[in-house]
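S.K.: As a plain string of letters, each chain reads:
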Amino acid sequence: MPEAMILTDVDARGIATVTLNRPDVHNALSGDLIAGLRAIFDDFAARDDLKALILTGRGKSFSAGADLNWMRRAAGFSHEENVADAKVTAGMFNALNTLPMPTIAKVQGSAFAGGLGLVACCDIAVAAEDAMFAVTEARLGLVAAVISPYLVAAIGPGAARRYFQTAECFDAAEAKRIGLLHEAVRADALDGTVDGILREMLKNSPPALRAYKTLIRECAGPVSEATRNDTADRIAGIRATAEAQEGIAAFFEKRKPAWAIQQEGSGR
Amino acid sequence: MSEPVVLCATDSRGVATVTLNRPEVNNAYNADVIDSLIATAGTLAADDAVRLVVLRGNGRHFQAGADLKWLQEVSTQSPKHNVEVSRHTTDAVRGLNEFPKPTMALVHGGCFGGGTGIVAACDIVIAAEEAIFSITEARWGVMAGPIFPQLNARIGEQNARRYALTCERFGAKRAHEIGLVHAVCPEGGLDQAAAPIIDAILQCGPAALRENKRLITDIAGLGVSDPLAEQLAQQHAAKRQTEEADEGLRSFIEKRNPVWYPGTGA
Numbered sequence: 001m002p003e004a005m006i007l008t009d010v011d012a013r014g015i016a017t018v019t020l021n022r023p024d025v026h027n028a029l030s031g032d033l034i035a036g037l038r039a040i041f042d043d044f045a046a047r048d049d050l051k052a053l054i055l056t057g058r059g060k061s062f063s064a065g066a067d068l069n070w071m072r073r074a075a076g077f078s079h080e081e082n083v084a085d086a087k088v089t090a091g092m093f094n095a096l097n098t099l100p101m102p103t104i105a106k107v108q109g110s111a112f113a114g115g116l117g118l119v120a121c122c123d124i125a126v127a128a129e130d131a132m133f134a135v136t137e138a139r140l141g142l143v144a145a146v147i148s149p150y151l152v153a154a155i156g157p158g159a160a161r162r163y164f165q166t167a168e169c170f171d172a173a174e175a176k177r178i179g180l181l182h183e184a185v186r187a188d189a190l191d192g193t194v195d196g197i198l199r200e201m202l203k204n205s206p207p208a209l210r211a212y213k214t215l216i217r218e219c220a221g222p223v224s225e226a227t228r229n230d231t232a233d234r235i236a237g238i239r240a241t242a243e244a245q246e247g248i249a250a251f252f253e254k255r256k257p258a259w260a261i262q263q264e265g266s267g268r
Numbered sequence: 001m002s003e004p005v006v007l008c009a010t011d012s013r014g015v016a017t018v019t020l021n022r023p024e025v026n027n028a029y030n031a032d033v034i035d036s037l038i039a040t041a042g043t044l045a046a047d048d049a050v051r052l053v054v055l056r057g058n059g060r061h062f063q064a065g066a067d068l069k070w071l072q073e074v075s076t077q078s079p080k081h082n083v084e085v086s087r088h089t090t091d092a093v094r095g096l097n098e099f100p101k102p103t104m105a106l107v108h109g110g111c112f113g114g115g116t117g118i119v120a121a122c123d124i125v126i127a128a129e130e131a132i133f134s135i136t137e138a139r140w141g142v143m144a145g146p147i148f149p150q151l152n153a154r155i156g157e158q159n160a161r162r163y164a165l166t167c168e169r170f171g172a173k174r175a176h177e178i179g180l181v182h183a184v185c186p187e188g189g190l191d192q193a194a195a196p197i198i199d200a201i202l203q204c205g206p207a208a209l210r211e212n213k214r215l216i217t218d219i220a221g222l223g224v225s226d227p228l229a230e231q232l233a234q235q236h237a238a239k240r241q242t243e244e245a246d247e248g249l250r251s252f253i254e255k256r257n258p259v260w261y262p263g264t265g266a
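Chains A and B, in that order, are what the protein sequence lines are. Under my numbering, the letters of the first sequence match residues 1 to 268, in that order. Under my numbering, the letters of the second sequence match residues 1 to 266, in that order.
Excised from the complex, chain A in its bound form (with noise of 0.2 angstroms):
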């Protein structure tokens, strides 16, 4: 039997951990992995004994965002097909962020694109110094669309303008210093660090806690359904383009997509 693609685990002081489990593929998203998701955090919002969820990923990278080859069958799915799979990716992240209990990222590796999504989707974010960051859609003729209203709220309009139309890499510190990071630390304080909070957290009362997540996304703006099916036909529209496709596909084959090619020898 193949192993899962995430495993979950909760402890006696009712704190889950789920753990991405795609570790050969920088625990990529694909269909099968955020309809996983969606169905724990479902289960999970439902159980009233968990305190708090842990969100971390096996291997070297916590997620590198959307799986390109399953990007890349959205080619040939109807505009209605797409759009109702976008349905579900936002509603994954929605899930996520909406997520009754305190919720951790434990970022132990780099996260890219919907790996930023998920960052962005917890309340509280620590990762390993040594990460890297970057909103890489653009790049493969994308849009960082369905993560955006969470990733905009954690790093602002003036991150978001530079590092969504750069693509740039940026590493932990700068994470730290736009917001999307509570905290960068050596990868062998990593543990250390995420349990220093939870014992702290622990301390407090679990139905005050709730009412503060409720409390805090009223105030802050809650990201409403509108918005996010209107993010959701953006994907949808964008990825079935020609850029899109010669994006994705210079992916595959390893060179750079038509656009970039005029550049060369002027820059790296």
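Don't take every hint at face value.
Label pairs and their computed distance ranges (CB to CB) [claimed, not checked]:
#	chain 1	residue 1	chain 2	residue 2	range
1	B	Arg162	A	Gly179	14 to 22 angstroms
2	A	Ala258	B	Ala9	19 to 27 angstroms
3	A	Glu200	B	Glu98	38 to 46 angstroms
4	B	Glu254	A	Tyr212	54 to 62 angstroms
5	B	Asp47	A	Arg72	25 to 33 angstroms
6	B	Arg60	A	Asp32	54 to 62 angstroms
7	B	Gly221	A	Lys256	33 to 41 angstroms
8	B	Pro4	A	Ala258	28 to 36 angstroms
These are computed hints drawn from the structure, not numbers from a lab. What you are looking at is a predicted structure, and each value in this text was computed from that prediction instead of being measured. In this text, a Cβ means the ideal position worked out from N, Cα and C, and glycines have one as well.
Assemble the complex: chain A is given as a structure, and chain B must be docked to it using the hints.
M.R.: Below, chain B without anything else, positioned relative to chain A:
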């Protein structure tokens, strides 16, 4: 014939460089600069060969804000004319803020008043470490209306409340801390600092970038509505025609303190 107040050149990669070119007045803007910026933005937006726009200032400073001598002349004209001037200013900043391709400002020297608005309306801002910023309008008895939505979005309410109400000067490091600039580089190092970022943008799909930019504008609520723009223009124009603004602008021209300044009390 005099030199154009805004220069524009596009390289073979599609990187357009727009240079503010009134170095004799520290690139202060007047009607001519505003008209040229709006026209240039229109041309560059429509040109498919243009992938991104870099904005910079010629001479010792990036941009000193409004040309206060011009502003003082405008203030003596009809209210109708004053509203038209303020609408035009508002449109220029809005147009830059919602320009459909990535925009980058490279800041050296002084960046004051409207200059801070230009910077806040660009997607990416790099400042040389000697650069100095200030939201100067209130010092001259006028207001920063047309640039305020962009400034507030960029530096947040907490910093807007301080810097628009004190008109304090702050350096590049502080500008980085409050989010007005994305990166700080050594003096003279703007081109070197910009190169890898420009290269990163050129690796991205042009159509994807257009969609990305529209997405950020919508999700972060960065667009300025027509009614808000009109309100800002009306307030901006009306404040310019008050006695206080008259005194403030005169104090600048006459190089003296305005009457409301009691001194440090020391």
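S.K.: Could you run down the list of hints and mark each one as holding or not?
M.R.: Verification of the hints:
1. B:Arg162 / A:Gly179: 14 to 22 angstroms: Hint holds: Cβ distance 19 angstroms, inside 14 to 22 angstroms.
2. A:Ala258 / B:Ala9: 19 to 27 angstroms: Check passed, 25 angstroms falls within 19 to 27 angstroms.
3. A:Glu200 / B:Glu98: 38 to 46 angstroms: Hint holds: Cβ distance 44 angstroms, inside 38 to 46 angstroms.
4. B:Glu254 / A:Tyr212: 54 to 62 angstroms: Holds: the Cβ-Cβ distance is about 57 angstroms, inside 54 to 62 angstroms.
5. B:Asp47 / A:Arg72: 25 to 33 angstroms: At roughly 32 angstroms between Cβ atoms, A:Arg72 and B:Asp47 fall inside 25 to 33 angstroms, so the hint holds.
6. B:Arg60 / A:Asp32: 54 to 62 angstroms: Since the Cβ atoms of B:Arg60 and A:Asp32 sit about 60 angstroms apart, the hinted range of 54 to 62 angstroms holds.
7. B:Gly221 / A:Lys256: 33 to 41 angstroms: holds, 35 angstroms
8. B:Pro4 / A:Ala258: 28 to 36 angstroms: Because 35 angstroms falls inside the window, the suggested range holds.
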